[in-house]
Amino acid sequence: MKFSVTVTLKEDVLDPQGKVVQNTLQNLGMDNLKSIRQGKYFEIELNDNDQIKAEKKVNDMCKKLLANLIIEDYKITKI
Amino acid sequence: MKFSVTVTLKEDVLDPQGKVVQNTLQNLGMDNLKSIRQGKYFEIELNDNDQIKAEKKVNDMCKKLLANLIIEDYKITKI
Amino acid sequence: MNSSVIVFPGSNCDRDIAVALEKLQFKNKMVWHKETKLPKSDLIVIPGGFSYGDYLRSGAIAGKSLIVNEVIKAANNGCLVLGICNGFQILTETGLLKGVLLRNKNLKFINKDVNIKVINNDTKFSNKYKKDQVLKINIAHNEGNYFTNFNHLKELNNENLIAFKYCNKNGDTNKEANPNGSLENIAGIFNTKKNILGMMPHPERMVDNLISNTDGINLFSSLLK
Amino acid sequence: MKITNQIVEKHGLKLEEYSIIKKLLKREPNLLELGIFSAMWNEHCSYKSSRKHLKNLHTIGKQVIQGPGENAGVIDIGDDDAIIFKIESHNHPSYIEPYQGAATGVGGILRDVFTMGARPIALLNSIHFGSPSHFKTKTLLNGVVSGIGGYGNCIGIPTVAGETKFNSTYNENILVNAMAVGHAKKNKIFYSKAKGLNKSVVYVGSKTGRDGIHGASMASAEFDENSEEKKPTVQVGDPFTEKLLMEACLELMKDNSIISIQDMGAAGLTSSSVEMASKGELGIELHLDKVPCREENMTPYEMMLSESQERMLIILEDGKEKHAEEIFKKWDLDFVIIGKTTNTNKLTLKYNNKVEGEIPLDALSSKAPVYDRKWIKKKLTKSKIDTKKLNNIKIEDALIKILSSANHSNKSWITNQYDQMVMCDTAQRSGSDAAIIRIHNKQKAIAVSVDSSSNYCNSHPLTGGKQIVCENWRNLISVGAKPLAITNCLNFGNPEDSKIMGEFAECLIGIKEACEFLNYPVVSGNVSFYNGTNKKNISPTPVIGGVGLIQKLNKPINHQFKKDNSIIIVIGKTFGHLEQSVFFEEVYSITDGSPPEVNLTNEKNNGENVLEIIKKDLVNSVHDISNGGLIVALAEMSMGSDYGVKINKPKNLTNLFKYFFGEDQGRYVLEVDKNNLEKVEKILRNNNIFYENIGFTQKDYFEIQKELKIDIKELYKINNQWYNNY
Ligand SMILES: Nc1ncnc2c1ncn2[C@@H]1O[C@H](COP(=O)(O)OP(=O)(O)O)[C@@H](O)[C@H]1O
Ligand SMILES: [Mg+2]
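As you go down the protein sequences, you meet chains A, B, C and D in turn. Take 1 as the starting number for the first sequence in my numbering and just add one per residue. Take 1 as the starting number for the second sequence in my numbering and just add one per residue. Take 1 as the starting number for the third sequence in my numbering and just add one per residue. Take 1 as the starting number for the fourth sequence in my numbering and just add one per residue.
Quick caveat, the hints were computed from the structure, so don't treat them as lab data. Every value quoted in this text rests on a predicted model; they were computed, and no experiment measured them. Ideal Cβ positions, reconstructed from N, Cα and C, are used throughout, including at glycine.
Computed beta-carbon distance windows for the label pairs:
1) Thr192/C <-> Leu28/A: 25 to 33 Å
2) Ile79/B <-> Lys130/C: 53 to 61 Å
3) Pro132/D <-> Asp31/B: 22 to 30 Å
4) Lys64/A <-> Ile79/B: 20 to 28 Å
In the DSSO-like style, the derived pairs of lysine-lysine whose C-alpha atoms are separated by at most 27 Å in a straight line are:
5) Lys165/D <-> Lys108/C
6) Lys78/A <-> Lys2/B
7) Lys78/B <-> Lys40/A
8) Lys10/B <-> Lys175/C
9) Lys108/C <-> Lys136/D
10) Lys52/D <-> Lys535/D
11) Lys401/D <-> Lys165/D
12) Lys64/C <-> Lys64/B
13) Lys98/C <-> Lys154/C
14) Lys131/C <-> Lys175/C
15) Lys10/B <-> Lys56/B
16) Lys713/D <-> Lys175/C
17) Lys64/A <-> Lys138/D
18) Lys34/A <-> Lys78/B
19) Lys138/D <-> Lys108/C
20) Lys23/C <-> Lys444/D
21) Lys105/C <-> Lys34/B
22) Lys108/C <-> Lys411/D
23) Lys10/B <-> Lys105/C
24) Lys63/A <-> Lys138/D
25) Lys2/A <-> Lys10/B
26) Lys186/D <-> Lys442/D
27) Lys78/A <-> Lys19/B
28) Lys34/C <-> Lys64/B
29) Lys401/D <-> Lys384/D
Cβ-to-Cβ under 7 Å is the rule here; a few derived chain C residues that face chain D:
30) Gly53
31) Phe109
32) Asn138
33) Leu210
In isolation and in its complexed conformation, chain A is listed as follows:
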């Protein structure tokens, strides 16, 4: 069973990476770009057949390791 997880910075938290990437893209002539924010992405495969259980496990992983809940939010999707 496979899940994707995206981890993004909370709304009011500074995103230095996104800022530099945005400036660079604008300098490269992408002038319609309004904003870009950078985050992390994980593809997780589990040996599990029970979706509810599996999802709970992924949720656990996010809380324990993948996301820093102080500054980040995360989202889990089954793929």
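Mind docking chains B, C and D with the ligands on chain A? Use the hints.
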């Protein structure tokens, strides 16, 4: 108009980060974990109304900057 | 010899390399990344640092700067180009050198003196060294884990394009001597024409016995011939 | 909005303090004004509990150009060179988010130093964690170390020294203190005092976001279960932007454009503008609609209290605006004129030309509350240990236990994560008593070290305060530097508790006595109170950061043995003080008793003579004797070198544990060539210095006659495994 982009390492490229994350999770007792790969995630907002044009632009950004095509693949989704 | 050091906003070894070059009597100029022309140079150096914070991927954004187009042109015309640390990462991002520098396998920044072995001393950059000579040189990077595809690796070996490999004191290039997980302990490579050298270790930090040692000097003096 | 008692308390202000505010304003403040008062009157900015005691510190000397009171202290190192340095705490943010907390701590202290016109040349840190077995410690250690490295490495300033300690007293409240050292030209130092009317007040650097709102109040509040809720106030550091800001500021400082300059640290725009104007006895008017904002719809309240990083406020000479703007544009940074100086002695805040708040500046600075808090003295205690009992352990086992412990293991797991070599002037990296940084393009160098000893301070604050200044001084001497001045970071618990306030007051008396006696003044520092949770306070932990001068750096000296068959000399008398020693703590878990006595006269004489001997080039290596006593010092000199020791059994002291593990102060180990021995002994005899020849160096083995013999490679291995196994 908003898009999400995920950038992931190609299959045959070593993913040191994913590997360490995987080990750590397994040490934390997540024994059903089969594999985990790490990548980047972007949320991109454009001042554009034409979806086809906009998507082309995002595609451009990926090719020019966001992904290193030698080692990475990317995927664009409208959100 | 005329040298030019490219300065990105987050370069931080630019002064160090300039000091080393001037110590060896290069006529050196600093070139700001927003410039569109290079001064006349026999050698272009892309120094270490965090060109744009190393955000996104190390070297990626610098690879898109204005001056880089000029560097590419000059390199294609045979000008000598040396990329150290972040400079190596930038050279791979521009495509002047093949392969990539991934994160260190322990996922930590590593700063220490390591031993490297001179693999090919028959180049403009390395002729003052002996073949298989073991040097002690400082490394300082987060992404120095060199990776490339199978065919290119074969080419590197067949064409003698590997400049340096990490090794131990005795010159053994074993796994224990590999600080960052680099493929085949690679610490530096040349392009096919051998006018471009990218390396992770910092030779400019090894030109003064009071601070470290002088194992880096021959790299610069090789170029003077 | 009507200000209720609840709102007042939420701002960390006491109701009595709120009454004073109303009196000073002669009216009720609005929310914006209340927020500004809360930022300026909290402990972190106002020093209301500490000021009375800080005034007594020893802060003068021929070498001092600027003492406490500016962004950083400035000392004279001869010619036209000045060294600017300071230490600061970032304890609470680092506990909540270790990576970003530590990183922004480094960013903040760097700004304090380059604000004054110095190019930073070295970073140091003092980090204290809870017990290694505490469930949070590992994550915190990892995060803090990579945060310190992440920021310093990126901006390109070498991190060259520090200290790392573990103690259960920090289980719920770690300490992260960062120190920055910079070099400037003596006649090119910049201060924060505003001068002249109608001068442009310029905002430069990053945009203002909603981060860290009320960070300074957080730094002044105790932790409790609800601290989790305070999380969103954590700021994310952007070392790349800081690098741009640093280069842009240093570029602008080359000519005479700047009247005054101040970084936005704790309490951001509020404290920087208030400080500049009140020091200059002027008024200041800010147009908040001009402030570059990261988020939409930010309110004046948020702008004034935001602690977004990497920002500065500059007051410019007339007509220099365009020139300055060009420099900041070159470095891709925001540059906006947001206000001007006035003659009103008020802070006036406008938004779209409407006055949103107005406060007399003296109400925020000189009239802010100062407390003379109650404090009580601590008595010296005596341990109840029977030293006869000690003989049932072998010296070798005790030594190995200490060398393999968390606190006394080799720190290269940490220091290898810091770029120590960038700038190419680091002549002695981490791992020795002090780091040595050459002044660029010159022959002279400075030595730097940070030190603390919370166990000593906890058991007897006065002695502890004295001791730690001396230990820091010894560390500089040991690398051949003349100690010049210190900065201090005073990490204590809740000052409203008279016991804690006593610890603070007495530590300061100790610090003052030692500084005065050694001519080692304090030129800058920082106080961090409220370190603790739910009434459990940390042990008092003053951290001392010292800077010394090496007039002519010919060959850097460190503590590694260099040669076979050199004579080993111990300077200073060994009495065998074991209470509060590492030996008692690590081997017997005994933590009561008093710290070793500090004899300032001996300390000074011994130190000055060692320095003399080093200057005359009569020694191969030097190490001070500190934690763990003589045997640990000797082991440290052997590990990583090719040479160990052969030590004679001592004649005078019968108890070997006392002799080898005692932590008597003012002592050094010297490695002296046989043919220099006579000269060294002559100097020592002529100056009445107590010394002993205790043995000599030998290849490969660490040996005490008839007691133990260990391969030094084995010792090295033992000393290096803790971090890798953790
Ligand atoms: N967090 C740290 N950052 C940098 N250097 C450190 C750190 N912790 C320890 N060190 C270095 O490790 C060495 C040993 O530290 P310590 O035992 O405290 O030395 P000393 O007793 O001489 O003060 C010193 O060189 C010190 O600078
Ligand atoms: Mg010491």
